[in-house]
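Using the sequences and the accompanying hints, generate a full structural model.
2 protein chains.
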Amino acid sequence: MEQGTIDYLINTVGSDFVITNSEQKLSYMYDEIEHNVRPKVNMDSIVVKPLNSKEISEIVKYAGENKIPIVVHGGGTGLCGGVSPIKESIVISMERMNKIVEIDEKNMMAVVEAGVTLAQLIEELEKHSGICFPVHPGDEGAQMGGMVATNAGGARAVKHGIMRNHIKGIEVVLPNGEILNLGGKLLKDNTGYNLLQLIMGSEGTLAIITKITFRLYPEDKFTASIVLAFENISDASNAVLEIMKNGVAPLAVEYQDRYLNVKSAEILGLHWPLDKGMADLLIILSEKSEEALYASCQIINNVCKKYNASKAVFAGTKKEQAEMLAIRSGSYEVIKENIAYSFDMAVPAGYMPDFLNDLWKLVDSYGTKSYITAHLADGNVHNDIYMVDGKNPEYLEELKMKMYKLCFKYGGTLTGEHGIGKLRIRDLTFQKSKAEIELMKSIKRVFDPNNILNPGTVLEM
Amino acid sequence: MEQGTIDYLINTVGSDFVITNSEQKLSYMYDEIEHNVRPKVNMDSIVVKPLNSKEISEIVKYAGENKIPIVVHGGGTGLCGGVSPIKESIVISMERMNKIVEIDEKNMMAVVEAGVTLAQLIEELEKHSGICFPVHPGDEGAQMGGMVATNAGGARAVKHGIMRNHIKGIEVVLPNGEILNLGGKLLKDNTGYNLLQLIMGSEGTLAIITKITFRLYPEDKFTASIVLAFENISDASNAVLEIMKNGVAPLAVEYQDRYLNVKSAEILGLHWPLDKGMADLLIILSEKSEEALYASCQIINNVCKKYNASKAVFAGTKKEQAEMLAIRSGSYEVIKENIAYSFDMAVPAGYMPDFLNDLWKLVDSYGTKSYITAHLADGNVHNDIYMVDGKNPEYLEELKMKMYKLCFKYGGTLTGEHGIGKLRIRDLTFQKSKAEIELMKSIKRVFDPNNILNPGTVLEM
Numbered sequence: 001m002e003q004g005t006i007d008y009l010i011n012t013v014g015s016d017f018v019i020t021n022s023e024q025k026l027s028y029m030y031d032e033i034e035h036n037v038r039p040k041v042n043m044d045s046i047v048v049k050p051l052n053s054k055e056i057s058e059i060v061k062y063a064g065e066n067k068i069p070i071v072v073h074g075g076g077t078g079l080c081g082g083v084s085p086i087k088e089s090i091v092i093s094m095e096r097m098n099k100i101v102e103i104d105e106k107n108m109m110a111v112v113e114a115g116v117t118l119a120q121l122i123e124e125l126e127k128h129s130g131i132c133f134p135v136h137p138g139d140e141g142a143q144m145g146g147m148v149a150t151n152a153g154g155a156r157a158v159k160h161g162i163m164r165n166h167i168k169g170i171e172v173v174l175p176n177g178e179i180l181n182l183g184g185k186l187l188k189d190n191t192g193y194n195l196l197q198l199i200m201g202s203e204g205t206l207a208i209i210t211k212i213t214f215r216l217y218p219e220d221k222f223t224a225s226i227v228l229a230f231e232n233i234s235d236a237s238n239a240v241l242e243i244m245k246n247g248v249a250p251l252a253v254e255y256q257d258r259y260l261n262v263k264s265a266e267i268l269g270l271h272w273p274l275d276k277g278m279a280d281l282l283i284i285l286s287e288k289s290e291e292a293l294y295a296s297c298q299i300i301n302n303v304c305k306k307y308n309a310s311k312a313v314f315a316g317t318k319k320e321q322a323e324m325l326a327i328r329s330g331s332y333e334v335i336k337e338n339i340a341y342s343f344d345m346a347v348p349a350g351y352m353p354d355f356l357n358d359l360w361k362l363v364d365s366y367g368t369k370s371y372i373t374a375h376l377a378d379g380n381v382h383n384d385i386y387m388v389d390g391k392n393p394e395y396l397e398e399l400k401m402k403m404y405k406l407c408f409k410y411g412g413t414l415t416g417e418h419g420i421g422k423l424r425i426r427d428l429t430f431q432k433s434k435a436e437i438e439l440m441k442s443i444k445r446v447f448d449p450n451n452i453l454n455p456g457t458v459l460e461m
Numbered sequence: 001m002e003q004g005t006i007d008y009l010i011n012t013v014g015s016d017f018v019i020t021n022s023e024q025k026l027s028y029m030y031d032e033i034e035h036n037v038r039p040k041v042n043m044d045s046i047v048v049k050p051l052n053s054k055e056i057s058e059i060v061k062y063a064g065e066n067k068i069p070i071v072v073h074g075g076g077t078g079l080c081g082g083v084s085p086i087k088e089s090i091v092i093s094m095e096r097m098n099k100i101v102e103i104d105e106k107n108m109m110a111v112v113e114a115g116v117t118l119a120q121l122i123e124e125l126e127k128h129s130g131i132c133f134p135v136h137p138g139d140e141g142a143q144m145g146g147m148v149a150t151n152a153g154g155a156r157a158v159k160h161g162i163m164r165n166h167i168k169g170i171e172v173v174l175p176n177g178e179i180l181n182l183g184g185k186l187l188k189d190n191t192g193y194n195l196l197q198l199i200m201g202s203e204g205t206l207a208i209i210t211k212i213t214f215r216l217y218p219e220d221k222f223t224a225s226i227v228l229a230f231e232n233i234s235d236a237s238n239a240v241l242e243i244m245k246n247g248v249a250p251l252a253v254e255y256q257d258r259y260l261n262v263k264s265a266e267i268l269g270l271h272w273p274l275d276k277g278m279a280d281l282l283i284i285l286s287e288k289s290e291e292a293l294y295a296s297c298q299i300i301n302n303v304c305k306k307y308n309a310s311k312a313v314f315a316g317t318k319k320e321q322a323e324m325l326a327i328r329s330g331s332y333e334v335i336k337e338n339i340a341y342s343f344d345m346a347v348p349a350g351y352m353p354d355f356l357n358d359l360w361k362l363v364d365s366y367g368t369k370s371y372i373t374a375h376l377a378d379g380n381v382h383n384d385i386y387m388v389d390g391k392n393p394e395y396l397e398e399l400k401m402k403m404y405k406l407c408f409k410y411g412g413t414l415t416g417e418h419g420i421g422k423l424r425i426r427d428l429t430f431q432k433s434k435a436e437i438e439l440m441k442s443i444k445r446v447f448d449p450n451n452i453l454n455p456g457t458v459l460e461m
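Sequences listed follow chains A and B, in order.
Those letters in the first sequence? Residues 1 to 461, per UniProt numbering, in order.
Those letters in the second sequence? Residues 1 to 461, per UniProt numbering, in order.
Keep in mind the hints are simulated off the structure, nothing from the lab.
As the structure is a computational prediction, the values presented were derived from the model and not from experiment.
Fair warning: there could be bad hints in the mix.
For chains that are exact copies, the list does not tell them apart, and a pair is met inside one copy or across any two.
Below, simulated BS3-like cross-link-like pairs (lysine-lysine); rule was C-alpha separation at most 27 Å, straight line [what the hints assert, rightly or not]:
#1 K288 with K159
#2 K319 with K402
#3 K127 with K245
#4 K318 with K221
#5 K106 with K409
#6 K391 with K405
#7 K441 with K405
#8 K409 with K54
#9 K288 with K245
#10 K245 with K106
#11 K434 with K405
#12 K288 with K221
#13 K221 with K159
#14 K434 with K61
#15 K221 with K306
#16 K106 with K361
#17 K288 with K305
#18 K106 with K159
#19 K106 with K402
#20 K159 with K245
#21 K369 with K263
#22 K25 with K263
#23 K305 with K106
#24 K54 with K434
#25 K67 with K54
#26 K306 with K106
#27 K402 with K391
#28 K409 with K99
Structure below.
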């Protein structure tokens with residue numbers, strides 16, 4: 001990075017908060033994307049840690065005048081390389097913008113700076129009894145700003161939906177440096193085009209999110225986790241459809257191939273309680289009353305029996321529940337080092353049994369495996385193509401395209417929750433029409449005519 | 001309208017479906033906006049009734065080439081003049097595009113053409129036991145396309161949220177005539193900028209919505225309506241906040257000044273059951289079980305006693321519930337003829353007691369009244385400035401601005417659900433920054449460079 005820019009940044013945020021040292025910079029260059037598909041980053045990039053929107057505004061103005069790309073780095077928990085600077089960029093780390101501005105119990109809204117992590121928010125909410133924020137993308141190191149920028153989902157989307165449903169206001173810095181407030185503590189607001197909804201999920205390419213206002217909810221008092229073993233994934237997914245149809249709204253419905261659960265438990269030094277069958281379902285319930293919890297359990301039990309679930313384990317204590325969730329979440333560790341390409345496809349939930357069946361056959365025809373973790377009730381599947389002898393298999397691109405085509409055949413999408421980032425820019429063109437991509441590009445030009453915000457993410461301009 | 005255009009339209013949709021007769025055209029020129037604030041329409045406009053997206057695409061292409069404005073007419077149940085053609089326009093009535101394409105129980109999704117009315121949808125869903133679509137803006141003559149275009153709310157938004165939360169896919173005709181499909185039967189989809197969310201609420205100015213895919217839900221089996229009388233609106237709104245805080249999620253929480261309920265009942269030949277106090281609350285509950293219904297009723301009862309509710313009437317039968325709702329909805333008839341200006345302000349829900357108190361004082365200082373109907377739990381208020389001796393009062397603009405300023409003081413918005421239409425274009429500039437309006441205008445130009453779609457709605461271009 002040019003010395004003039006370094007000087008300007010030091011002058012703006014203070015020398016303690018500008019990182020030029022390569023080793024120190026490294027942890028800001030990537031998110032949690034698999035090593036094998038990491039974007040090539042430009043290490044001449046510089047990292048700055050502004051304290052507030054005003055400082056960001058000044059940095060953005062400078063960057064605009066000098067046509068220097070800007071990449072915002074949140075918690076770095078993304079999985080598609082969205083935070084990697086592929087050009088020589090100013091990387092803005094939001095870590096110092098970590099103030100919880102307000103927990104407003106009167107309006108059941110919170111206002112936080114974008115750098116507040118999910119862990120921090122949860123800790124703060126524990127001081128206010130009986131109030132919760134429901135979205136949980138798994139890694140609590142995620143920052144709220146990043147969760148808005150990527151419209152995060154996660155396991156609890158079954159009952160509570162995704163970020164989009166809960167965010168009511170944002171403060172953003174536009175690419176021209178202007179600070180703009182959109183929405184507020186309002187439950188209803190129909191004043192013109194909803195720019196808030198447009199910016200949500202735009203992955204740092206339209207504006208820099210600096211502050212967030214979102215809904216809080218009364219916490220359900222009664223929870224339980226149930227783990228069920230099915231013969232196969234078809235039975236498991238049909239059971240889930242019928243459970244939902246019966247009016248049960250679980251907090252989460254997590255499917256995982258037995259192999260992943262057993263291996264993950266091994267790594268964690270825990271015991272996975274199921275052995276019969278090969279397809280495991282973890283259902284987490286949260287209800288307002290014990291009666292409601294019991295009624296939901298009854299329905300689940302009856303439906304799962306019908307689909308030949310061979311064993312159900314109820315986890316009542318917090319410790320048991322946490323262990324099961326840890327095993328589920330730990331499965332990534334089992335396969336992480338061996339991933340050649342990682343998927344986040346989603347199909348209409350009712351098509352899951354057929355889609356997964358076809359997916360299994362397709363993978364099998366290549367003489368390989370592709371273990372499945374799925375938010376089954378949402379139709380969202382995580383699977384992978386693995387490396388062979390530490391290298392990408394020859395069939396990688398071919399199998400990938402066949403998987404996508406299968407997904408599109410079922411009316412699916414190539415990313416249900418992880419987003420496009422730098423990983424799926426080309427993939428996007430397989431799914432979207434030219435007209436839609438052209439509209440997206442034109443909107444990008446409206447917000448960011450110099451293409452300085454996170455170039456090479458979502459769209460190739 | 002020029003003969004060439006008339007001929008083209010007759011050629012495209014057939015002579016039976018082109019209306020040139022002034023008397024027949026009249027019912028397509030307005031929505032339900034009060035007579036006093038009706039926009040001035042251009043009666044040289046022509047009405048066409050296309051059968052499908054392809055016909056609409058052809059009409060739009062022709063209109064684009066000839067720079068003729070297009071206004072889409074749905075159910076005509078709007079309240080801000082959105083459907084009125086203020087320039088010589090082609091008015092596209094969606095009434096023939098009324099096919100329910102699919103009730104997909106497997107995916108719990110419905111696909112309908114944009115001209116399907118809410119009444120028609122409800123009737124169809126009754127054939128599929130236990131399935132419902134929750135949004136209900138009051139007038140069942142509303143078409144689904146219009147409900148998407150305006151991001152409709154209504155009484156049931158308390159529990160189920162607004163249209164935006166439930167719509168998963170749309171087919172639109174762009175101003176260049178291209179037919180575009182956005183989203184699908186997907187619960188999660190993070191592929192690029194969410195144009196679906198941008199078009200929702202854009203009031204027919206960005207694209208013509210022709211088909212809609214939306215979620216269906218298992219219907220709650222147990223319902224009850226409770227009517228409560230409070231001394232004043234402050235007590236009523238504080239009670240509502242506490243009820244919600246206690247985890248009760250009513251289907252609807254409708255407030256109405258006693259005067260409106262009594263007069264509305266009179267007009268309908270019904271009896272309003274409350275007499276003590278002056279502030280009436282109608283709470284509608286829907287729950288999965290009788291126990292849950294009873295538990296919610298208990299909480300409501302306890303909280304309302306604390307806030308001195310003097311009488312509670314439980315309506316258990318469908319007939320009783322329908323009567324109460326009819327009286328609530330009929331209140332518009334009481335004041336309709338006398339309205340000089342009609343409001344749809346919303347403030348953060350927790351500020352409602354203070355806001356309503358200040359609003360009452362403000363209105364009182366002008367020696368007038370402004371009866372209130374409110375979706376209390378959503379912070380959404382409907383009130384009016386009345387005519388004096390059949391004319392707009394001198395203080396109209398002054399009082400209106402003071403009401404808005406009061407609303408903004410509480411972090412409010414000038415329209416919670418009704419939208420901007422042609423009624424509030426100037427008002428929008430009081431609330432929104434120049435930067436935000438400029439972004440909206442630029443987005444409008446991206447979609448509709450010739451400004452042919454519903455000119456004079458939302459934005460003055």
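Evaluation of the provided hints:
1. In this homomeric assembly, K288 and K159 come within 27 Å of each other (Cα to Cα) both inside a single copy, at 13 Å, and across copies, at 15 Å.
2. For the identical chains of this complex, K319 and K402 are neighbours neither inside a copy (42 Å) nor across copies (56 Å), given an alpha-carbon limit of 27 Å.
3. For a Cα distance limit of 27 Å, the shortest separation of K127 from K245 across copies, 16 Å, qualifies, whereas the shortest one inside one copy, 36 Å, does not.
4. Only within a single protomer do K318 and K221 lie at most 27 Å apart by alpha-carbon distance; the minimum there is 12 Å, versus 32 Å between protomers.
5. In this assembly of identical chains, the alpha carbons of K106 and K409 lie at most 27 Å apart only when taken from different copies (17 Å versus 47 Å within one copy).
6. Proximity of K391 to K405 under the C-alpha cut-off of 27 Å is restricted to the intra-copy arrangement: shortest distance 24 Å within a copy versus 65 Å between copies.
7. In this assembly of identical chains, K441 and K405 lie within 27 Å of each other by CA distance solely inside one copy; the values are 24 Å within and 38 Å between copies.
8. In this assembly of identical chains, the alpha carbons of K409 and K54 lie at most 27 Å apart only when taken from different copies (24 Å versus 48 Å within one copy).
9. In this assembly of identical chains, the alpha carbons of K288 and K245 lie at most 27 Å apart whether taken from the same copy (20 Å) or from different copies (13 Å).
10. Within a single copy, K245 and K106 get their C-alpha atoms only as close as 35 Å, which misses the 27 Å cut-off; across copies the closest is 9 Å, which meets it.
11. Taking CA atoms no more than 27 Å apart as the test, K434 paired with K405 passes inside one copy only; the shortest distance there is 18 Å, against 45 Å between copies.
12. Proximity of K288 and K221 under a CA criterion of 27 Å is satisfied in both settings, with 6 Å inside one chain copy and 17 Å between copies.
13. Taking CA atoms no more than 27 Å apart as the test, K221 paired with K159 passes in both settings, with 15 Å inside one copy and 19 Å between copies.
14. For the homomeric pair K434 and K61, the shortest alpha-carbon distance between copies (18 Å) is at most 27 Å, but the shortest distance inside one copy (32 Å) is not.
15. In the homo-oligomer, the alpha carbons of K221 and K306 lie at most 27 Å apart only across protomers (24 Å), although the nearest pairing inside one protomer, at 29 Å, exceeds that limit.
16. In this homomeric assembly, K106 and K361 come within 27 Å of each other (Cα to Cα) only across copies, at 23 Å, whereas the closest approach inside a single copy is 54 Å.
17. Proximity of K288 and K305 under a CA criterion of 27 Å is satisfied in both settings, with 26 Å inside one chain copy and 22 Å between copies.
18. In this homomeric assembly, K106 and K159 come within 27 Å of each other (Cα to Cα) both inside a single copy, at 24 Å, and across copies, at 18 Å.
19. Within a single copy, K106 and K402 get their C-alpha atoms only as close as 52 Å, which misses the 27 Å cut-off; across copies the closest is 25 Å, which meets it.
20. Proximity of K159 to K245 under the C-alpha cut-off of 27 Å is found in both arrangements, the shortest distances being 13 Å within a copy and 19 Å between copies.
21. Within a single copy, K369 and K263 get their C-alpha atoms as close as 15 Å, which meets the 27 Å cut-off; across copies the closest is 71 Å, which misses it.
22. For the identical chains of this complex, K25 and K263 are neighbours neither inside a copy (34 Å) nor across copies (71 Å), given an alpha-carbon limit of 27 Å.
23. Taking identical chains as interchangeable, the C-alpha atoms of K305 and K106 lie at most 27 Å apart only when they sit on different chains, with a minimum of 20 Å there against 45 Å within one chain.
24. Proximity of K54 and K434 under a CA criterion of 27 Å is satisfied inter-copy only: 19 Å between copies versus 38 Å inside one chain copy.
25. Taking identical chains as interchangeable, the C-alpha atoms of K67 and K54 lie at most 27 Å apart only when both belong to the same chain, with a minimum of 19 Å there against 44 Å between chains.
26. In the homo-oligomer, the alpha carbons of K306 and K106 lie at most 27 Å apart only across protomers (18 Å), although the nearest pairing inside one protomer, at 46 Å, exceeds that limit.
27. Taking identical chains as interchangeable, the C-alpha atoms of K402 and K391 lie at most 27 Å apart only when both belong to the same chain, with a minimum of 20 Å there against 69 Å between chains.
28. In this homomeric assembly, K409 and K99 come within 27 Å of each other (Cα to Cα) only across copies, at 24 Å, whereas the closest approach inside a single copy is 46 Å.
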